[in-house]
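Novice: Here is how the chains run, residue by residue.
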Amino acid sequence: MTDRKIRVLIAKPGLDGHDRGAKVIARALRDAGMEVIYTGLRQTPEMIAEAAVQENVDVIGMSILSGAHLVLVPKVIDTVRKTGLTEVGFFVGGIIPEEDVAVLKVAGVNAVYGPGTSTVTVIEDVKSFAHAA
Amino acid sequence: MKSLEVLSAAGKLALSRLISEVENETSAGRTALDECFSRSGKAHLIGVTGAPGTGKSSLVNRLAQLIRREGNQTVAIVAIDPSSPFTGGAILGDRVRMRDLSGDPGVFIRSMASRGELGGLARTTAGVVQLLDAAGYDLILIETVGAGQSEVDIARLAHTTIVVESPGMGDDIQAIKAGILEIADILVVNKADRPGIENTERALRANLELGYSHRVTGKAGHGGFTEENKVVDAEEWVPPVIKTIATEESGFPELIKAIVEHRSYLQKTGLLAQREHERLTDEFDHILRHTLVQNWKAQTSDEHVQQIMDAVYKRKRSPANAVEELTRTSN
Ligand SMILES: Nc1nc2c(ncn2[C@@H]2O[C@H](COP(=O)(O)OP(=O)(O)OP(=O)(O)O)[C@@H](O)[C@H]2O)c(=O)[nH]1
Ligand SMILES: [Mg+2]
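Residue numbers (the working numbering), protein chains in the order written: chain A, 1 to 133; chain B, 134 to 464.
Any given hint could turn out to be false.
Some residues of chain B that are not near chain A, with every Cβ distance over 10 Å (derived) [unchecked claim]:
1) Ala-143
2) Leu-225
3) Gly-301
4) Glu-409
Here are the simulated lysine to any residue pairs, SDA-like style, with alpha carbons at most 20 Å apart [as the list claims (entries may be wrong)]:
5) A:Lys-5 - B:Cys-169
6) A:Lys-127 - B:Lys-175
7) A:Lys-5 - B:Gly-249
8) A:Lys-75 - B:Ala-142
9) A:Lys-23 - B:Ser-217
10) A:Lys-5 - A:Arg-42
11) A:Lys-82 - B:Arg-163
12) A:Lys-82 - B:Gln-198
13) B:Lys-376 - B:Ser-160
14) A:Lys-5 - B:Thr-220
15) A:Lys-5 - B:Arg-163
16) A:Lys-127 - B:Arg-163
17) A:Lys-5 - B:Lys-175
18) A:Lys-5 - B:Ala-259
19) A:Lys-5 - B:Ala-142
20) A:Lys-5 - B:Pro-218
21) A:Lys-82 - B:Gly-236
22) A:Lys-5 - B:Asp-237
23) A:Lys-5 - B:Phe-219
24) A:Lys-5 - B:Lys-449
25) A:Lys-82 - B:Asp-237
26) A:Lys-82 - B:Ser-149
27) A:Lys-23 - B:Pro-215
28) A:Lys-23 - B:Gly-186
29) B:Lys-175 - B:Tyr-398
30) A:Lys-5 - B:Ser-160
31) A:Lys-23 - B:Lys-175
32) A:Lys-5 - B:Gly-236
33) A:Lys-75 - B:Arg-163
34) A:Lys-82 - B:Ala-147
35) A:Lys-82 - B:Pro-238
36) A:Lys-5 - B:Pro-238
37) A:Lys-5 - B:Gly-186
38) A:Lys-23 - B:Val-229
39) A:Lys-5 - B:Trp-370
40) A:Lys-127 - B:Asn-157
Source of the hints: derived by calculation from the structure; they are not laboratory data. In this text, all values refer to a predicted model and were calculated from it rather than measured experimentally. By construction, the Cβ of each residue, glycine as well, lies at the ideal position given by its N, Cα and C atoms.
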C-alpha cells in the first residue's frame, strides 16, 4: 500500500525570468520524498489556482524575485481559496523586506524564506503545513 | 458525479480529490472506482510514449489544443513522471509544456508519479483514467514516463498508442528498439525542424517494414499462411509514420486524422471490444489472485508458513512443494 505523499506545487508568478531558486527548492522537496509539481515561469494567479485544483496539492510554494510580492501573493492566495481549496499551505521564497513579511503572513502565507535559508528548514516546515491541512 | 458537473470548478475539485483517493489506494478510492465503473468505457484512450525529451508533453499540448479548437470534445491528460527509487519523491514537470491549455474548462491535466512501477505508468493510472472516463471526458491522453524501452503497459491500457521519436536520440536503428515499435499504432517523428530528420524517418520505416513486410506488401492471407489470431479478414493496420513539429502546428492535422482512422479501424474490426475484454479479464485475474492470496493468508497461521519456509531455506522442500503442502493442510 502506498502512503499518502505530500504534493507541492512550485510556482513562479510574475514576470521575472529566473527559476534557479525554485528548482533548488523543488529538488530538495523531492529528495525529502515529496511529489513536486513544477509549472514553469510566468504563471498568472488563475493558472496557479487551476493547477492547484487539478493536482490536488497540499502546499503551494511561490518564488518571486520581481519585487511584486505584495500584489501577487495575496492575489494568488485569494484565487486559490475561491476554488474551494481552503486548506492549502503557502510559502514564499525571494528577497522580501522584513516589513513585508508580516503583511504576507496576514494575507495567509505560512512562511517566507530569504536567500540562504536552509532547505532542511523548508522541508520541515512544508511537512508541518501539509499535515495541518 | 455526472458528466456535466465536472466542467464546473467545484466538480473539478471533487474529481481531483477522488483521483488522490484512487492514487493513494484508499477505501474511498476503491468505492469511487466501483461506483463509477458502469459509467466508464466511453472515452477514447490515447497513449503517448517514447524516449525522454522526444517531445511527448509538447505533442500532447498541441494535440489537445487542436482537438479543442476543432470540435466540442473534452480532453483529459494524465502525465506520468518517474519517482526516485531512493526517496520516493518526484518532480512532475510535464505541465511546463502544456501552458497553452490553461484556462480552458474543457481540459483537465493531472500529473502522476510512477511510485515504483517500472512499466512507464503508475499502478493506479488505469484507475485514474477510469475516473476521468466516467467523469465524461471524451478523449484521454496518457503520457508515459520517458524510458524508450518497451512500455507494454501503455499499449494494454490505451486504445491508440502513439510512439514519439525524434532526430538525434542516440541515433537511428539502435534507439528504435523493436519492442517499442511493436506497440505503436501511430509513429510520430517529432522535431521535424531539426537536422537528421530524414535519417530517423528512414530508420523507422525500415524497421517497420521488417515487422510488417507481409502486411505492407499485401500478401498476408494469400500466400498459404494465415495468422492465428486474426479477428476478421479486414485489412491490417500498418502504423503510419507522421512528421510533426510540436512547437508549431506542423503535422498535427495528419496526426489527428490518423487517430480518428485508427479508432474507426478498431471499431470496424471488432478489435476495440476485444482489447477491452482482454483488459478487463486481466484486471479480473489480477484482483482475483490478490484476493485469494489475501484470504488465504488471513486464515493461515504465520508460524506454520514460517516452519515450512524454513524447510525451503534449508533446501529440504522446494517452493512448489511448500505451496502444495500449505494449500492442502489449510483446507
Ligand atoms: N525544435 C523542436 N523542439 C521541440 C519540438 N517538440 C518539443 N521540443 C522541445 O524539446 C524539449 C523536450 O520537450 P518535452 O515536450 O518536454 O519532451 P518530453 O518527451 O515530454 O520529455 P520528458 O517528459 O522529460 O520525457 C523541449 O525543450 C521542447 O520545447 C519540436 O518539434 N521541435
Ligand atoms: Mg514530458
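Novice: If a hint holds in the structure, say so; if it doesn't, say that too.
Specialist: Here's how the hints hold up against the structure:
1. Ala-143: 6 Å, violated
2. Leu-225: 5 Å, violated
3. Gly-301: Holds: least Cβ distance 24 Å, greater than 10 Å.
4. Glu-409: 27 Å, holds
5. A:Lys-5 - B:Cys-169: 24 Å, violated
6. A:Lys-127 - B:Lys-175: Since the Cα atoms of Lys-127 (chain A) and Lys-175 (chain B) sit roughly 39 Å apart, the hinted pair is violated (cutoff 20 Å).
7. A:Lys-5 - B:Gly-249: Roughly 13 Å separates the two Cα atoms, so the pair holds.
8. A:Lys-75 - B:Ala-142: It holds: about 18 Å lies between the C-alpha atoms, which stays within 20 Å.
9. A:Lys-23 - B:Ser-217: Holds. Lys-23 (chain A) to Ser-217 (chain B) sits at ~16 Å (cutoff 20 Å).
10. A:Lys-5 - A:Arg-42: 27 Å, violated
11. A:Lys-82 - B:Arg-163: 29 Å, violated
12. A:Lys-82 - B:Gln-198: Status violated; Cα separation ~26 Å.
13. B:Lys-376 - B:Ser-160: 45 Å, violated
14. A:Lys-5 - B:Thr-220: Holds. Lys-5 (chain A) to Thr-220 (chain B) sits at ~11 Å (cutoff 20 Å).
15. A:Lys-5 - B:Arg-163: 18 Å, holds
16. A:Lys-127 - B:Arg-163: Violated. Lys-127 (chain A) to Arg-163 (chain B) sits at ~27 Å, over the 20 Å cutoff.
17. A:Lys-5 - B:Lys-175: 31 Å, violated
18. A:Lys-5 - B:Ala-259: 19 Å, holds
19. A:Lys-5 - B:Ala-142: Violated - the C-alpha atoms of Ala-142 (chain B) and Lys-5 (chain A) are around 24 Å apart, more than 20 Å.
20. A:Lys-5 - B:Pro-218: 14 Å, holds
21. A:Lys-82 - B:Gly-236: 15 Å, holds
22. A:Lys-5 - B:Asp-237: 28 Å, violated
23. A:Lys-5 - B:Phe-219: Holds. Lys-5 (chain A) to Phe-219 (chain B) sits at ~15 Å (cutoff 20 Å).
24. A:Lys-5 - B:Lys-449: Roughly 43 Å between the alpha carbons, so the hint for Lys-5 (chain A) and Lys-449 (chain B) is violated.
25. A:Lys-82 - B:Asp-237: 18 Å, holds
26. A:Lys-82 - B:Ser-149: Satisfied, since the Cα-Cα distance of roughly 16 Å is no more than 20 Å.
27. A:Lys-23 - B:Pro-215: 17 Å, holds
28. A:Lys-23 - B:Gly-186: Measuring from Cα to Cα gives roughly 18 Å; hence the hint holds.
29. B:Lys-175 - B:Tyr-398: Holds, at about 16 Å.
30. A:Lys-5 - B:Ser-160: At roughly 16 Å apart (the allowed maximum being 20 Å), Ser-160 (chain B) and Lys-5 (chain A) satisfy the hint.
31. A:Lys-23 - B:Lys-175: Violated - the C-alpha atoms of Lys-175 (chain B) and Lys-23 (chain A) are around 39 Å apart, more than 20 Å.
32. A:Lys-5 - B:Gly-236: 27 Å, violated
33. A:Lys-75 - B:Arg-163: 37 Å, violated
34. A:Lys-82 - B:Ala-147: 14 Å, holds
35. A:Lys-82 - B:Pro-238: Holds, because 16 Å separates the two Cα atoms, which is no more than 20 Å.
36. A:Lys-5 - B:Pro-238: 27 Å, violated
37. A:Lys-5 - B:Gly-186: Roughly 26 Å separates the two Cα atoms, so the pair is violated.
38. A:Lys-23 - B:Val-229: 13 Å, holds
39. A:Lys-5 - B:Trp-370: Violated, at roughly 42 Å.
40. A:Lys-127 - B:Asn-157: Judged against 20 Å, a Cα distance of about 18 Å means the pair holds.
Checked against the numbered hints above, the structure breaks hints 1, 2, 5, 6, 10, 11, 12, 13, 16, 17, 19, 22, 24, 31, 32, 33, 36, 37 and 39 and satisfies the rest.
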